[in-house]
Amino acid sequence: MEAAVWLIILPLLTAFFIGISKLYFKKILAPLVTGSAIIYLYLLILVINHSYPPKVYNVGAWGLMGINLMVDPFSAMFLLMIAILFLPVIIFSVKYIKSHKHKYFIFTYLMTAGIAGMVLTADLFNLYVFLEVSSLSSCALVALKNTNKGIEGTFKYLIMSTLGSFFILLATILTYSLTGTLNMAEISLEFKDIPFQIKSTLMSFFVFGYVIKIGLIPLHAWIPDTYEDSPIPYNVLSSGLVMKSAVYALIKVLYIIFGIDFLDQSGMLHIGVFWGVITFIVAHLLAYQQSNLSRLLAYSSVAQIAYITIGLFVGTEGGLIAGNFHILNHAIMKGTLFLVTAIFYYSLSAVKIEDIKGLGYKFPILSFIFVVASLAIVGLPPFNGFISKWLIVEAAIESGFVYAGFFILVGTFLSLTYYLKVIVTLYTKTEKELLIVKPTLSLRLPTIFLGSLCILFGIVPSIPLSLINKIPKFLLDNGEYIRILLGG
Amino acid sequence: MSRMNAMFKKLYKLVLVVSLAIFLFIVFDEIHNLDNNSKRYLSEHYISEGVQETGAINIVTSVLYDYRAFDTLGEATVLLTAAAILSFLVPLGKDKMLGTTFTMIVSQTTKFFIPFLAVLGAYLILFGHLAPGGGFVGGVVMAVIPILLTITYRVEFSEYKFKPAKKKLAEDIGAIGFILLGLVGVVTGSNFLANGQANFGPGNTGELISAGLIPFLNLMIGIKVGAGLAIIFNSLIKEK
Amino acid sequence: MITPGFLYITGAILLLLPVNDRIKYIISFLITAGALIVTFYLIPGYSFQLDFLKFTLVPVKVDNASKLTGLIFAVGGLAAVIYSIKLCSRFILSLIFVFIGSALTVVFSGDLFTLYVFWELMTISSSFIIIMASDVTKKTGYYYCLMQVAGGLSVLWGTFLQYSATGNLSLNAIEAGIPFFMLAVAIKLAFVGFHTWLPLAYSKAPFYVTVVLSIYTTKVGVYIMSILLSGINILAYAGLISALFGMVMALRQNHALKLLSYSIIIQVGYMIIGISIGTEKGIAGAIFHLVNHILYKTVLFMAVGVVIYTTGKDTLENLGIMGRKIPVTSIATLVAFLGIAGVPFFNGYMSKSLIKEAVQEPLLTWGLNLMSFGTSLIFLKFIYYAFFKNSNVNLTKKPAISMQLGLGFLTVLMLLIGIHPYLLENLMNTDLGIHYFDKKHMLSGIQPFLWSIPVFLLLKKYVVKNYVRLLYFDMYRKMAKILVTTGYQLSNYHDGKLHKYLLWATSTLIILLVLLMF
Amino acid sequence: MELAYVVVIILLSLGMYTIITKKNLIKIVMGFTILESSLILLLILVSYKPGGAAPILDKPYEIVVDPIPQALALTAIVIGASVTAVMLAVVIKIYKRYGTLNVDELRKLRG
Amino acid sequence: MMDIIFNMLMIFLVITAFFMVFTKDISTAVIALPIYGAILVVIFVILQAPGPAIAEAVIAAGLTTVFFVITINKTEY
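Protein chains in written order, with UniProt numbering: chain E, 1 to 488; chain D, 1 to 240; chain L, 1 to 518; chain S, 1 to 111; chain H, 1 to 77.
Isolated chain E, as found in the complex:
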């Protein structure tokens, strides 16, 4: 399982080499980043292929005394998401990013390293460190355009995310002082004897810290601000990976450390589902009001993450499968939408919704993809979003959260209101002469790739589901996970 640690080292090394290449040989940037991304893709596929049964890698060969990396189906699903998004975004960015190009790639690679670290690690403090790596580089990317709005968004992001990290660190420290260890498996074993009240307080700190980064209502306010004036390819990674990595960490902490039984007793499952319902209703209503396309998509991200939250907090096998599938699908759909938006911005600096008027006739294929992705994200058949929403609703009803299922359908309707608004604008003819920069193939190809995945996973959902189906076994029964991590 040497490849697992390479998943973290390779982006780091690439980032450092980009730093050096900026000083001495600027020309090699594009081959360097694409080459590294291709190798990274290969490594990811290698690790995903060997993810079942789960494997443990001891950093420093210290066994349980040091830090362990663990590849289980849950992290493999996440790695699959990185594999799908990362190379297209890198290829897209090579052409798209014009200013601070080196810095952009440095931060992107650092962010990916942080996310890969968060996904793979089985150590609580290590999780915090990598969380900090990914959120700090993410902040940097928000500020990259160096505009007023970008800087303001960065500041808000920094403040909120640092507050979240702070509570995560507090909870981590308290956990250490209670259990004397930082290994998740050992903590989980030790936690069996800890009084209920302490555990629930710790859990609320963890939940609060991660939820700030996930952005459920009312902790969501910074998310649209960071999306509004940042490089759009970054938004793909931000909504696809950064927010999701926080979801991942939260779920891992809750399900592995605290265990499903405790979540049920303490009422966290109910809180999570209810929170999700509130969030997507409000987020949909807010998204309708937006005139800025990125902001609209950001609010939509908040809503979609609420669906994911519902799926994951339902607490059954079906719910976990549905939530994870929606994590993957949302990354693909939102990635497609953002990439198309980015091409619109690249071609005629369209920011507002009315700026894209009439583009449906200028870019027929891209607009078609935009329509496909937005219908998918609304949850209409036969696209991938529909399948995962179907699974979420089914799981919610199955475990008694009938109201959640009903409101998901209401939310589908609400999300259609604003996506259809955008689509209608896209296909409204305009008198204005549009000055258009033709997007090159390297911009169009990644977009088309992601868009076609929307259709593919909608018609043949069994491809990703074969991997995702293995996840609930390790989350619902943390004994299995603990046994493997402890080397049994």
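Please note that a few of the clues may not be correct.
[To be verified] Distance condition first, Cα-Cα at most 30 Å in a straight line; then the derived DSSO-like pairs of lysine-lysine:
id : chain 1 : residue 1 : chain 2 : residue 2
1  : D       : 166       : E       : 26
2  : S       : 49        : D       : 13
3  : S       : 49        : E       : 145
4  : L       : 325       : L       : 460
5  : D       : 9         : S       : 49
6  : S       : 108       : D       : 10
7  : L       : 460       : L       : 24
8  : L       : 313       : E       : 432
9  : S       : 23        : D       : 10
10 : E       : 98        : E       : 149
11 : S       : 23        : S       : 108
12 : S       : 22        : L       : 500
13 : L       : 138       : E       : 438
14 : L       : 497       : S       : 22
15 : E       : 27        : E       : 98
16 : D       : 39        : S       : 49
17 : E       : 352       : E       : 101
18 : E       : 149       : D       : 10
19 : E       : 27        : D       : 9
20 : D       : 13        : L       : 500
21 : L       : 397       : L       : 86
22 : E       : 357       : L       : 86
23 : E       : 149       : H       : 24
24 : E       : 352       : L       : 478
25 : E       : 352       : L       : 313
26 : E       : 149       : S       : 108
27 : S       : 96        : E       : 149
28 : E       : 98        : E       : 357
29 : H       : 24        : S       : 96
30 : E       : 145       : E       : 352
31 : E       : 95        : E       : 429
32 : E       : 149       : D       : 13
33 : L       : 439       : H       : 24
34 : E       : 98        : E       : 438
35 : E       : 357       : E       : 95
36 : E       : 352       : L       : 139
Simulated from the structure, these hints should not be mistaken for lab results.
Guided by the hints, dock chains D, L, S and H onto chain E, whose structure is given.
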């Protein structure tokens, strides 16, 4: 009415903070009553076996650079990220710090200090596994040299002495070096960042050349942190 | 196994390829005719199973009723595509193919999952047809899509309730979620109160789009209602109310397309009554009426389309073009008029008498008579404008051959069914034991029509009046306004103050602590 | 020793209070440094054992304080300092762009 | 004896923190920052944590204060 509103808002914030404090108090009290010191078998293992296993006397260093060296990698990355953010947030411009010039005495004293600082930094870095200190602290002390130069002689001089590109290069080399040292473990058939377990010459404990790779890791971190902080400082200063 | 729906969707994908006009014609003709042939040779009782996720789906299940419905859908598809092929672009044509294909798949679907997926696909494709078709239909398409998706979502919710109650997705024996299926069907059928989308979409959209939409949208609703909700007697009165409402509204219209749209509501009322009776005759009558209605309403829409095509407008005044200038269209219109009025030896007559035969309660019988009477009245107005009122409208261009071909094809079918009504029974493999052309049925069939002529002559000045103010009240727009206002208020709370956000965060923390600790 | 925990709580609450009430951006960043320092103090308190020696084992000691939280504290200090530096840089940038340090005037992003 | 010093230091720490937060002038607050850091350093040393103490002295009390000073310098002139 608006004053009432403002008063109410303030009170509400106060209530929030106080209730947070009360919750924390309850939790701390309960944790305190639990008596958890018996559970620290991991740290007891570090204390009883750490010196033999890693060869470093300073257990904190051996935790940082051996048992939990992966954390340190992440931490160094955070610092590098911060340095990178600052260096691009700043447009190229002249400094405007204070705008005063110092007297002869100050500059002479600075000159006088620099060798001492260099020696102190080197000591802190190289003896990190034997005494308190280590790469981070030593790196910071090293970074004070360009900072002092900047404060006393303005940025131009400092950057003439220590070119920004060189600092950036040093930072990257530090970080890459850390990873390469970690990869030594992989090359020799052990795991990434292996040191104590891979038996890289623990040497005689208490000596300078001991504890395997720890001094070298310390050195790399020292270079990285020193260069990174110098970049951060100069960037902040140059911000118009 | 090739199903007609699959064939159509393949055709849609083929049409997306950059082909020239000639190939476009060939592809369209082959696909539509092929689908008709395939549907004709489907064997009742055939079904096909498919494993998807953890369900076993039945994408194709043929029985007598679905075969007849599918056949008329395929006929309508052939006629409509021939009619509109010259007018619409390749992309719109492709969407139309998706639309027809999904409608056919819905008809042959054997489980709720397939039903929902293709129901929604119909909605999407038809909305995009409306949105893309012209510059003035953007808002209409938006409204239409939202309404239809609301209906689709209630199908979905009903499906979920049914699935969680029974554990399977089969179409028979609906136990749970009936109100939601009702809501869905009501929206699809343009039931009174849910009808707002229909006149709007059908009158604003280009006429060739309207022709296609009018064949399938409401009829799929009728067919699904006959499967899922048959035999709920109370709905018969609801259908009656809906039809009477449609009658009143239709009488007040000045535009041909709107008049026809409201008349759809009346005709759908017949089908609702037939289905709600629930007996074999009732349902068969409803299905037959569906077939007949598709035929004559499509012809009428096509005729109005020809008028719009040749004169540019769809006001009733412009119908005066009919007569010698466009002979084929005029004959077809007359035939369709006699059909819709329920005159014996024309096609509407047979299904109307069948439904009347099935109805037992006197109130409903009188209602049916009233509906027939109203229909005749409305179409007398139509005919009056078309043939008897003097007009000085001139042709601006000649109607295309393809349009007349589509029109003529359907007219021939109409005449055939009118003269030989047992044709439909044979196609459905049933024998209802009714003599259509005996005295009792003939009398009761022709009476409303005969009554309507003197009434029309007497009340001509009220019926033919140009109503300036139209009754128009749309509560959905009001509801949408409330939602938008709420969103605006919420959006105002996000005023960019970091302190506010931090305060929300801290409050959340405290709430979370309180919730979890106690 | 109990006093120390109370101090941690006080510092933490004080930091939170600073962040949610103070208008000045620099004060807010200062609130974060207080928060960070409270956590570091907590870490050191967790590591402390009465009568323990510092974890530098040049000779065998009876009781040695826990080294792990100290290592974590070192990491936390560096991360905290990095974040503070970034925040301050952004504050300077905001001052250049908006001409103010009042947090309530950062309202270009809304809705 | 040690306990008293320790408790005194703790109280000083809190007072410094309150001073930092509630003083009107930012410069004064920033000047209190190294004092705060210094007290923390002493506390760390008392609590047998020399490593973090040095780090705190150099990084938190030293560098962070310098950063704050620079920020004030850049924002008030």
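How the hints compare with the structure:
{"no.": "1", "hint": "D:166 with E:26", "result": "16 Å, holds"}
{"no.": "2", "hint": "S:49 with D:13", "result": "36 Å, violated"}
{"no.": "3", "hint": "S:49 with E:145", "result": "50 Å, violated"}
{"no.": "4", "hint": "L:325 with L:460", "result": "26 Å, holds"}
{"no.": "5", "hint": "D:9 with S:49", "result": "43 Å, violated"}
{"no.": "6", "hint": "S:108 with D:10", "result": "25 Å, holds"}
{"no.": "7", "hint": "L:460 with L:24", "result": "48 Å, violated"}
{"no.": "8", "hint": "L:313 with E:432", "result": "29 Å, holds"}
{"no.": "9", "hint": "S:23 with D:10", "result": "13 Å, holds"}
{"no.": "10", "hint": "E:98 with E:149", "result": "18 Å, holds"}
{"no.": "11", "hint": "S:23 with S:108", "result": "17 Å, holds"}
{"no.": "12", "hint": "S:22 with L:500", "result": "12 Å, holds"}
{"no.": "13", "hint": "L:138 with E:438", "result": "27 Å, holds"}
{"no.": "14", "hint": "L:497 with S:22", "result": "12 Å, holds"}
{"no.": "15", "hint": "E:27 with E:98", "result": "14 Å, holds"}
{"no.": "16", "hint": "D:39 with S:49", "result": "13 Å, holds"}
{"no.": "17", "hint": "E:352 with E:101", "result": "25 Å, holds"}
{"no.": "18", "hint": "E:149 with D:10", "result": "29 Å, holds"}
{"no.": "19", "hint": "E:27 with D:9", "result": "56 Å, violated"}
{"no.": "20", "hint": "D:13 with L:500", "result": "11 Å, holds"}
{"no.": "21", "hint": "L:397 with L:86", "result": "14 Å, holds"}
{"no.": "22", "hint": "E:357 with L:86", "result": "28 Å, holds"}
{"no.": "23", "hint": "E:149 with H:24", "result": "29 Å, holds"}
{"no.": "24", "hint": "E:352 with L:478", "result": "27 Å, holds"}
{"no.": "25", "hint": "E:352 with L:313", "result": "37 Å, violated"}
{"no.": "26", "hint": "E:149 with S:108", "result": "6 Å, holds"}
{"no.": "27", "hint": "S:96 with E:149", "result": "13 Å, holds"}
{"no.": "28", "hint": "E:98 with E:357", "result": "25 Å, holds"}
{"no.": "29", "hint": "H:24 with S:96", "result": "22 Å, holds"}
{"no.": "30", "hint": "E:145 with E:352", "result": "18 Å, holds"}
{"no.": "31", "hint": "E:95 with E:429", "result": "29 Å, holds"}
{"no.": "32", "hint": "E:149 with D:13", "result": "28 Å, holds"}
{"no.": "33", "hint": "L:439 with H:24", "result": "103 Å, violated"}
{"no.": "34", "hint": "E:98 with E:438", "result": "16 Å, holds"}
{"no.": "35", "hint": "E:357 with E:95", "result": "24 Å, holds"}
{"no.": "36", "hint": "E:352 with L:139", "result": "19 Å, holds"}
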